[in-house]
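2 protein chains.
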Amino acid sequence: MSIDWNGVTHVTKVDPAEELPSDLALLDRTDLVIVGGSDDVTEENTLAVLERLRSAHPELPLFQEPYSASHVSSATVEAVDALSVPAVYNGDRDNFVSKHVEFFTEIARKPDEAFGAGLPVVGEYVRSKGREAVADLAEKVLGEAYVVQNLDSEAAAESGVDAAYTPEQVAGAALATESFYGFEVFYVEYSGTYGGPEDVEAAATHLDDTVLLYGGGIRTQEQTEEILDAGADAVVVGDVFHEDPDAYLRTVPE
Amino acid sequence: MSIDWNGVTHVTKVDPAEELPSDLALLDRTDLVIVGGSDDVTEENTLAVLERLRSAHPELPLFQEPYSASHVSSATVEAVDALSVPAVYNGDRDNFVSKHVEFFTEIARKPDEAFGAGLPVVGEYVRSKGREAVADLAEKVLGEAYVVQNLDSEAAAESGVDAAYTPEQVAGAALATESFYGFEVFYVEYSGTYGGPEDVEAAATHLDDTVLLYGGGIRTQEQTEEILDAGADAVVVGDVFHEDPDAYLRTVPE
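Listed in order, the protein sequences are those of chains A and B. Per the working numbering: the first sequence = residues 212 to 465. Per the working numbering: the second sequence = residues 212 to 465.
Hints are computed from structural coordinates only; laboratory data are not their basis. Hints are supplied without guarantee of correctness; some may be wrong.
Same chains, same label: a pair holds when it works inside one copy or across any pair of copies.
Derived lysine to aspartate or glutamate pairs resembling EDC-like cross-links, with alpha carbons at most 20 Å apart [unchecked claim]:
| # | residue 1 | residue 2 |
| --- | --- | --- |
| 1 | Lys224 | Glu262 |
| 2 | Lys224 | Asp420 |
| 3 | Lys224 | Glu365 |
| 4 | Lys351 | Asp419 |
In this text the structure is predicted, and so the values were computed from the model without any measurement.
Using the sequences and the accompanying hints, generate a full structural model.
Below, the structure is given as structure tokens:
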């Protein structure tokens, strides 16, 4: 699936296991919301958050980024514009290729066989909708090429990352994304810590059709500007949305 | 890079370390030639074959499929329409992601630093051509998603394949290619042995934008027809081109 990235400079990442701010008008100036997380995330709390967000901001593009197939159901798929699935360049084999082939093998199965141990909910979705659901579901999938740069983060642990990339390797992974793998998004992820503009600059040189996102530790307007000036299409702001509404509002570019 | 696949139903794979048939008019009815191999292949014999083919058939699309970066030079890149680079789904991590990131890291380097140990020839190419060469080279790269199904083949050994995919997994890999990875080609490779139509049928169900190639053991018109009827865009014929010109001609679809 393809969305219109024009004008998307600020993305909010919402963890369904965390409290939402009471006033969702906070999201008036963000351009896209990605819902996903690992600890304590379920299909139920994901769906609840998706529905609250959709109801508060019907026009805002909404993604689900599932950490586990058990977070995906026919209801979550229908609630979102895209199912964004990370492939982690510096992760283990599972997180770049194996689990994606398993995922697509599961959804490619005939509906009446679609009860794989790995992805029962997706299987149930395909079964409930019949054959055309495979195409619909595949159509909503959006590939995100990640480089996970904070080794102490949960994201690194989840995806089997044991070494950060040098800026040269970030450039290589960006060029590989643009020229070889066709992921729609290249994502520099510093998860919880501010990584500065260096990796973004390295990646931006090689990206043209690919959207460049940066996430990690953004808490100020200056950081947002620094990352956008370095060539990112958008910053992704997560923790501060849940923790500090005033700081969150300052991360929106002027 | 993107080529026009309309009307491409027969592809010839030429091993530069093998003798070419004396009469290259044999190639009059093939639609595309891919040059590449492993044993005894060098940049020199690759280039010599590319030049003979180009001179005999100036209009025939010509790919180089390098098994090693040392087979690539500025001269080979200039001689071809595309540099086709395999990613092997059921291969080891090296053959799906690591060596591609290394490859693109190398070509993304600044020209005067582009003498990596891994890819000196590509480095030399980039250096000799300057910065714009990176974009040119990247532009010519065409990603091929392989499933290597003959475990006794050299292709399996080269790419670290230790298990063939079931038809269900082939379907999953095809859907992953179409929906997630953006490779231009999905390639069912039986390398030296005829695999029949089953995997091709499984893959074809899920491919729309992606070109579906089948290679392996094709020696008769009936086999070609069986594979095309199963949904392949084209058959790839290799061994028999070098070994048995009459049989080769019979593999061209009517």
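Okay, the hints, checked on the actual structure:
{"no.": "1", "hint": "Lys224 with Glu262", "in the structure": "within (15 Å within a copy, 54 Å between copies)"}
{"no.": "2", "hint": "Lys224 with Asp420", "in the structure": "neither (23 Å within a copy, 31 Å between copies)"}
{"no.": "3", "hint": "Lys224 with Glu365", "in the structure": "within (15 Å within a copy, 46 Å between copies)"}
{"no.": "4", "hint": "Lys351 with Asp419", "in the structure": "between (22 Å within a copy, 16 Å between copies)"}
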